[in-house]
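Fit the two chains together into the complex; they arrive one by one in their own frames, and the hints show the way.
If you're matching them up, the sequences are chains C and G in order. Just so we're aligned: the first sequence equals residues 1 to 227 in my numbering. Just so we're aligned: the second sequence equals residues 1 to 220 in my numbering.
Hints listed in this document are in silico derivations from the structure and should not be mistaken for laboratory results. Bear in mind that the values here come from a model prediction, so they are computed numbers and not experimental data. Just so you know, not all the hints are guaranteed correct.
Below, simulated DSS-like cross-link-like pairs (lysine-lysine); rule was C-alpha separation at most 27 Å, straight line [said to hold, decoys possible]:
hint : chain 1 : residue 1 : chain 2 : residue 2
1    : G       : K206      : G       : K163
2    : G       : K114      : G       : K82
3    : G       : K206      : C       : K50
4    : C       : K50       : G       : K82
5    : G       : K163      : C       : K50
6    : G       : K85       : G       : K114
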Amino acid sequence: MNANLPPDEINEELMTRWIDGHLSPAELEAVARAVAAEPMLGREMESAQKLGGLLRQHLPAGLEPPSPEFFTSRIMEEIQGVPVLRSMRPAAAGPRGWTWLRSSWFAPLASAAAVALLFLVSNGARPGSQNFDVARVYAPDPNVVANSFYSEEAGATVIDLKGLQAVPDEREIRAYDVADAEPAAPGKPQVFHAANDPERAIMVLAPDTVDGPRFRELHQPVFRLPF
Amino acid sequence: MEAVLTGPMFLDAAPLAMPEVVPPPSDGAPEDAELVRRCQEGRHDAYETLVVRYRGRIYALILNMTGNDADAWDLSQDVFLKAWKALPRFEARSQFFTWLYRIAHNVTYDWLRKRKIGPGTEFDDALGQTPAAGAVTVPQGSTAPDDRLRNKEVGARIAGALKELSPEHRAVVLLKEVDGLSYQEIADSVGCTLGTVMSRLFYARKRLQTLLRDLYEPEN
Numbered sequence: 001m002n003a004n005l006p007p008d009e010i011n012e013e014l015m016t017r018w019i020d021g022h023l024s025p026a027e028l029e030a031v032a033r034a035v036a037a038e039p040m041l042g043r044e045m046e047s048a049q050k051l052g053g054l055l056r057q058h059l060p061a062g063l064e065p066p067s068p069e070f071f072t073s074r075i076m077e078e079i080q081g082v083p084v085l086r087s088m089r090p091a092a093a094g095p096r097g098w099t100w101l102r103s104s105w106f107a108p109l110a111s112a113a114a115v116a117l118l119f120l121v122s123n124g125a126r127p128g129s130q131n132f133d134v135a136r137v138y139a140p141d142p143n144v145v146a147n148s149f150y151s152e153e154a155g156a157t158v159i160d161l162k163g164l165q166a167v168p169d170e171r172e173i174r175a176y177d178v179a180d181a182e183p184a185a186p187g188k189p190q191v192f193h194a195a196n197d198p199e200r201a202i203m204v205l206a207p208d209t210v211d212g213p214r215f216r217e218l219h220q221p222v223f224r225l226p227f
Numbered sequence: 001m002e003a004v005l006t007g008p009m010f011l012d013a014a015p016l017a018m019p020e021v022v023p024p025p026s027d028g029a030p031e032d033a034e035l036v037r038r039c040q041e042g043r044h045d046a047y048e049t050l051v052v053r054y055r056g057r058i059y060a061l062i063l064n065m066t067g068n069d070a071d072a073w074d075l076s077q078d079v080f081l082k083a084w085k086a087l088p089r090f091e092a093r094s095q096f097f098t099w100l101y102r103i104a105h106n107v108t109y110d111w112l113r114k115r116k117i118g119p120g121t122e123f124d125d126a127l128g129q130t131p132a133a134g135a136v137t138v139p140q141g142s143t144a145p146d147d148r149l150r151n152k153e154v155g156a157r158i159a160g161a162l163k164e165l166s167p168e169h170r171a172v173v174l175l176k177e178v179d180g181l182s183y184q185e186i187a188d189s190v191g192c193t194l195g196t197v198m199s200r201l202f203y204a205r206k207r208l209q210t211l212l213r214d215l216y217e218p219e220n
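Looking at chain G on its own, in the form it has when it is part of the complex (with noise of 0.2 Å):
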C-alpha cells in the first residue's frame, strides 16, 4: 500500500472530500473476505449479498465511462457474471473490490475498443437520451428548474470531457476522483503500475482542466 502522509494542505486548500469507497456493512452482514470464501465453496446467497453490495459501484463506474445507462446496465451484469466465474481463481491477493473494478474496467475497456470509441467519437446514438451526470445526483426534487437545468448542463460539458480522454486515462481520473481510490488500488484495478497512474492521472486532470475549467473558475 503507499504511505499516504498526512499535514497541512498547502495554499490554504480546502481537504479533498474523497468519497468513502467501500464502507463497512451497517446490515451485519459478513465481510467481503468472508462472503467471497463461503461464494468459493458455492453459496450464491453469499454472492447475491456481494452483488447488491456493490451493484450501484460497478453501475455508476460504467455508466461515467461509457455515458449511456442501458450500456452501463448490461455491462454490469457482464461484470457480475464474469466475477462468478472468475471467483474459484481468486486467491485475495487484493481486496475483492479492486478485483471486481478490474474486472468491470476490462469488461468496459474491451467494449469501448470494440465500438471503436475516441477521442472526439460520439460514444452513442442514445447519448442523448441519457441523464445527464448532474441531474443524475441532484436529487430532482430539492432543487429549482434553473440548477437542474444547470446541473444538467454542467453534467453533459463532463460527460462531453470526459469522452475527449483515452479509455486509460478517462478510467484513472474517475477511479481517483469519483470513487477515491488510492494510487495502488488504481493499478490494481487497471492492470499497471504507481507511476503509469500517477502520470495517466496528471495528463487527464491537466486535459480536463483545459476543457472544464470556466465551470469552476468562471472569472478566468
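Same shape as in the complex, but just chain C (with noise of 0.2 Å):
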C-alpha cells in the first residue's frame, strides 16, 4: 500500500471496503492522508454509509411469508410426490388468481372463522358426481382440523371442520351456491355458474399447461366479509 495515497488512486474496490470497513490499519492511513488532500472523498465514504443505514433499516433481511405453515407443507407435500396446485394465476397482468389467500384480510379471516381452504383438483368432474374430488382441506388455524368426505346421500363432497369460533352475528357472509357446471371436457376449462342465477358464471376451473387445474374466479370471492 502507497502510504502516499493520491486521491485518484483510491479506485472502486478500495471505496468498497473502506465503506464497508474491511481496510488494514495501514490503508486507512493512506487513505485518510488522501482524504486530507481530497475532503469530498471523505463525505462521499459518510454518504455511503448513510445509505446503508437507510436500507438496513427499511427493508427487511428477513421477514416470514404469509401463511409460513401453508408455505412449508405446500413444499413437503410437493417433494413427497402429493399433487398439488403448482400455479393458479389468470394470464397476462390481471390480478393472480388466489391472492387473496394471502392477501391481509385473509389472516383475520383465518384467525376469525378458520374458513378451510379447498383446493379443487379437476378430474374432469363436478360438483355432485362421485368423480367430485378435493385433494386437500387446509385450515390456516391450527386448531380447526378440516376433513372431506363424499356423502353418497347428499350427493356431494362434503368439508367437516372442528374447533371452529363462533361467527359474530354482525358479520356478514355471502357465499355463491354453485348450482351448475359446464360439462367438463379434457384441456377445456369447466365453468360453474350460481344457483340463483344460472346464466352468471362465478368461477372456472381451467386444467393448467403443465400439470393441474388453475382457478379463476370471475367476480368476488366465494366468502365476503366486511372488514
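Okay, here's the thing in C-alpha cells:
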C-alpha cells in the first residue's frame, strides 16, 4: 500500500472496502491522507454508509411469508409426490388467482372464522358427482381440524370443520351457491354458474398447461366478509 | 474467504450494524451441514427444518428484488423445490445458505428477465398493492400514524430507486447491505468474481446515493 495514496488512486475496490470497514490499518492511514487532500472523498464515504443504514432500516433481511405453515406444508407435500396446485394465476397481467388467500384480510379471516381453503383437483368432474374430488383441505387455524368426504346421501363432497369459533352475528357472510357447471372436457375449462342466476358464471376451473388445474375467480371471493 | 480487517472506522463513522446472516440454531436443531446430509439420505423432516429456517430470508430477499409479495411467495416456493431436487448434487463446497441464495438469485433473475423488467419499467401491475418496504419492517402498533406514513413513503422511494438498478446490481447491493453477506458469499451467491462484486456494489451505491440522498442527508 502506498503510504501517500493520491486521491485519484482510491479506486472502486478500495472505496468499497473502505465503506464496508474492510481496510487494513495501513490502508486506513493512507486513505486518511488522501482524504486530507480531497475532503469530498470522506463525504462520499459517509454518504454511502448512511445509505446502507437507510436500506437496512427499511428493507427486511428476514420476513416470514404470509401463511408460513402453509408455505412449508405445500413444499413438503410437493417433494413427497402429493399432487398440489402449482400455479393458479390467471393469464396476463391481471390480478392473480388465489392472491386473495395471501392478502392482508385473510389472516383475520382465518383466525376468526377458520375458513377452510379448498383445493379442487378437477379430473373431468363436476360438483355433485362421484368424481368430484377434494385433494386437500387446509385450515390455516391450527385449532381447526378439517376433513372432507363424499356423501352418497347428499350426493356431494362434504367439508367437515371441527374447532371453529362462533361467527359474530354482525358479520355478514355471503356465499355463492354453485348449482350448475358445464360438463368438463379434456383440456377445456369448466365453468360454474350461480344457483340463483344460471346465466351468471362465477368460477372457472381450467386445466393448467403443465400439471394442474387453474382456478379463476370471475367476480368475488366465495366468502365475502366486511373487513 | 476474504480477509476481514477490523480497525477504527475512519472519520468517526458509526460502526456498521450488519445483520447476522445465519444465526446458529437456537432450538437445538442440527446445523445446516448435518441437515443437508440427512436430506441427501432422503429425510424429508430434515428438509422441513431447513425450509423453516430459511423461508423468511429467501422470501424477504425475493420480495426486495421483485417488489411484489405474491410473486415473492411463489418464487420462494420454486426456490425450495429446486433446491430439494438439486440437493443430491450439493457437495458442500460452499455453505448451504449461499447455495440456496444462488438458487434464489437464479430463479428471481430468470423471472425478472422473462418479465423484461429494466430501468424505468414498472415491475408489476400489483406493485401498488404491495406493502411498502418501510411498512413491512415497522410494527404497526408501535408507531404513530405520521411515522407510518413517513415509513411508507420512504419505503416506496427505496423500492423505486432499486427498480432503477439492473437485477445484477440490485442483487449485490441487497445481499451486502440488507443480508450482510461478505464479498465472497455474494460472489458465490450470484456466480461472479470478487472484483465484479465490488464493482457492482460501487456503482449500485453511487446510483442509489444519487436517488436517495435527500432521505438521509436532508440538509443537502
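Evaluated hints:
Between K206 (chain G) and K163 (chain G) the CA atoms are separated by roughly 14 Å; this keeps the pair inside 27 Å, and the hint holds. Restraint check: the Cα-Cα separation between K114 (chain G) and K82 (chain G) comes to about 18 Å, which is no more than 27 Å; the hinted pair holds. Proximity of K206 (chain G) to K50 (chain C) is assessed by CA-CA distance (about 12 Å); at most 27 Å being required, the pair is judged to hold. Taking the CA atoms of K50 (chain C) and K82 (chain G), the gap is near 37 Å; set against the 27 Å cutoff, the hint is violated.
For a cut-off of 27 Å, the pair hint linking K163 (chain G) to K50 (chain C) stands: about 20 Å separates their Cα positions. Straight-line distance between C-alpha atoms of K85 (chain G) and K114 (chain G) comes to about 23 Å, which keeps the hinted pair within the 27 Å bound.
Of the numbered hints listed earlier, the single one contradicted by the structure is hint 4.
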